[in-house]
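J.: Chains A and B, in that order, give the protein sequences.
Note that this note's numbering has the first sequence beginning at 1, numbered continuously upward.
Note that this note's numbering has the second sequence beginning at 514, numbered continuously upward.
Treat the hints as calculated values from the structure; they're not laboratory data.
Warning: the hint list may mix true and false statements.
[Said to hold, decoys possible] Not everything, but these chain A residues come out facing chain B in the computed CB check (under 8 Å):
#1 Lys26
#2 Gly27
#3 Phe31
#4 Val34
#5 Leu36
#6 Pro37
#7 Phe57
#8 Thr268
#9 Arg272
[What the hints assert, rightly or not] Heads up, simulated BS3-like pairs for lysine-lysine below, C-alpha to C-alpha not over 30 Å straight-line:
#10 Lys26(A) - Lys592(B)
#11 Lys440(A) - Lys492(A)
#12 Lys534(B) - Lys26(A)
#13 Lys603(B) - Lys63(A)
#14 Lys604(B) - Lys45(A)
#15 Lys459(A) - Lys442(A)
#16 Lys421(A) - Lys180(A)
#17 Lys45(A) - Lys603(B)
#18 Lys134(A) - Lys114(A)
Keep in mind that this is a model prediction, so the values were computed, not measured.
Where a beta carbon is used, it is the ideal one built from N, C-alpha and C, also for glycine.
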Amino acid sequence: MLAKLKSATYIGIEGILVDVEVDLSKGIPSFSLVGLPETMVKESKERVLTAIRNSGFALPFKKITINLAPADLRKEGTGLDLPIALGILSASGYFESKALKDKIFLGELSLDGKLRAVKGVLPIVILLKEKGFKDVILPYDNAKEASIVEELNVYPVNSLLEAVKFIKGEIRIEKFKFDKEKLFSELSIYDVDFSEVKGQVTAKRALEVAASGGHNVLFIGPPGAGKTMLARRFPTILPKMTVEEALETTKIHSVAGRLPPDKPIITTRPFRAPHHTISDIGLIGGGHIPKPGEVSLAHNGVLFLDEFTEFSRNALEVLRQPLEDGFVSIGRARASLIFPARFILLASMNPCPCGYLTHPEKECTCTQGQIRKYLSKISGPLLDRIDIHIELPPISYSEISSKKEGEPSEKIRERVERARKIQLERFKNEKGIYFNAHMKQKHLKKYINISEEGENLLKDAMEKMNFSARAYTRILKLSRTIADLEESEEIKPHHIAEAIQYRALDREYWSNY
Amino acid sequence: MNKKEKGKFFQQIAEEYLKRKKYKIIDRNFLWKKGEIDIIAERDNKIIFIEVRGKESEDIKGYETVNLEKQKRIIETAKFYLESKNLYGKKDVRFDVISINLKDEEIELEHFENAFMEE
Chain A
1 MLAKLKSATY IGIEGILVDV EVDLSKGIPS FSLVGLPETM VKESKERVLT AIRNSGFALP
61 FKKITINLAP ADLRKEGTGL DLPIALGILS ASGYFESKAL KDKIFLGELS LDGKLRAVKG
121 VLPIVILLKE KGFKDVILPY DNAKEASIVE ELNVYPVNSL LEAVKFIKGE IRIEKFKFDK
181 EKLFSELSIY DVDFSEVKGQ VTAKRALEVA ASGGHNVLFI GPPGAGKTML ARRFPTILPK
241 MTVEEALETT KIHSVAGRLP PDKPIITTRP FRAPHHTISD IGLIGGGHIP KPGEVSLAHN
301 GVLFLDEFTE FSRNALEVLR QPLEDGFVSI GRARASLIFP ARFILLASMN PCPCGYLTHP
361 EKECTCTQGQ IRKYLSKISG PLLDRIDIHI ELPPISYSEI SSKKEGEPSE KIRERVERAR
421 KIQLERFKNE KGIYFNAHMK QKHLKKYINI SEEGENLLKD AMEKMNFSAR AYTRILKLSR
481 TIADLEESEE IKPHHIAEAI QYRALDREYW SNY
Chain B
514 MNKKEKGKFF QQIAEEYLKR KKYKIIDRNF LWKKGEIDII AERDNKIIFI EVRGKESEDI
574 KGYETVNLEK QKRIIETAKF YLESKNLYGK KDVRFDVISI NLKDEEIELE HFENAFMEE
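So that you can see chain A by itself, here it is in the shape it has in the complex:
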């Protein structure tokens, strides 16, 4: 007695189809699972058998053999519980195997036969759409996430028993409907606003440029200058996510199991702020079967590293690949995977260990050697990959006590959205490029159009200030964004001058110590 049905699981952030074959034969009663199951799948034995019994079905005391094909791919996740249980029931004659045809089953079983939500549903349903499947049966808590892909008929079920009744046609289940447009049209509400930040005009402007063009930012300043305060308000001026971006980010969060059931798709840019004690694996992703790390969870959003120099050297250096390429590739003995990781890096640090090196009044108590050691934690290559360096001065009394409100986030975001629109139009034929900061060498030639005066200014600056080649391309990209903010097609000298101003800090500190 053989039953065959289809299910799916995921590797990294890609879905894969799995054929579940269940055979019952005479012999010593046993349960064997073949086809490279990982621990979670192996453990399904106890869940499945108990759930079958507790749903009121008789367990077949036969030799049960289950094969998960393709047999050479490792299967992880708990989503195969439901198809295995249904396969056993079908093979023991509770319903015909035909009824299972062309449907996809997914779901984790609890011991009482109820269905629990599984991870990685979004990558799976995207795959199902590509492969032309129509009907998918899965736990209720996953229904919203699955119905993001509109072409599929999503049938949510609560328990194994309900799934059996539905297959046998004893009950009707309505297709799950869900208004995804509404999710996208909802405006994000933040409890912080840029108008609360007093002073720090340059820093605010820099963040506006960063948000518009997707540039990385490093804040350097004494304690209490408002570095963290500014960073926390950064998400309030970020442009809206496109549907594509939202799907990409949601895929990663889905696989990491971080999607709340009531919010199936991430529509606001993530803001990740890991503590500086984080390990390099936690930051970049990894593990025995690689899982996405903070850089991937921040995909299409912001990664905020407060106290940048306090992070371990290892953790900082692994940031280089995602900063340059927009993805991380993690190789392990059992699997080698690629996770997207394109984010705006927002870092903040003190200028020296005591923090007061740049303070106009307070005395710095650090020795030259201490400062050199402190600054050397941030390597040149890493620094080169941060487009904007901003020095924050301490806030003066008159600024703190001033009643004048700063510009509200909403106004800034309007400008950002306009600059963003220009970029979307510009890169509409370039796959995977959304922001000026993402431009590769070949795009620079195509899209950067500098006036002659601008060219001369840039040449002068390059020679006098000793910029690296990478710094040069960064300046070009930055000035492109600044010009976009002014809605100017041509890059003018004052755009370049502003861009150079954002690069000047590295020389001031890092070459003197």
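Following the hints, complete the assembly by docking chain B onto the known chain A.
T.: Frame of chain A, contents of chain B only:
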């Protein structure tokens, strides 16, 4: 009663019970180098291997003593039995446990069908 006699006594109780339940006993005390099966019976075209466990104590029930090690031995012996009778893969098989507790001349019998399966 010594240990051996006790064993015989419990087995007799179990057999009488099985006969009442329309089981056909086809073999008893089947011995092999890896273990022993107390009763081998047949019903509904199924071969049933039965382990009988008796206890004269209130603190511990008979079935509690059929541990994993014991189960493995029974399964291995059952395989040998099926092979030797040329029945392997031809009949459905079941492993049962009959647990008997004796207390002040009162007999408490519990029958566990499908008690265990191969890991």
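J.: Compare the structure with the hints numbered earlier in the document and write down the numbers of the violated ones, lowest to highest.
T.: 4, 5, 6, 7, 8, 9
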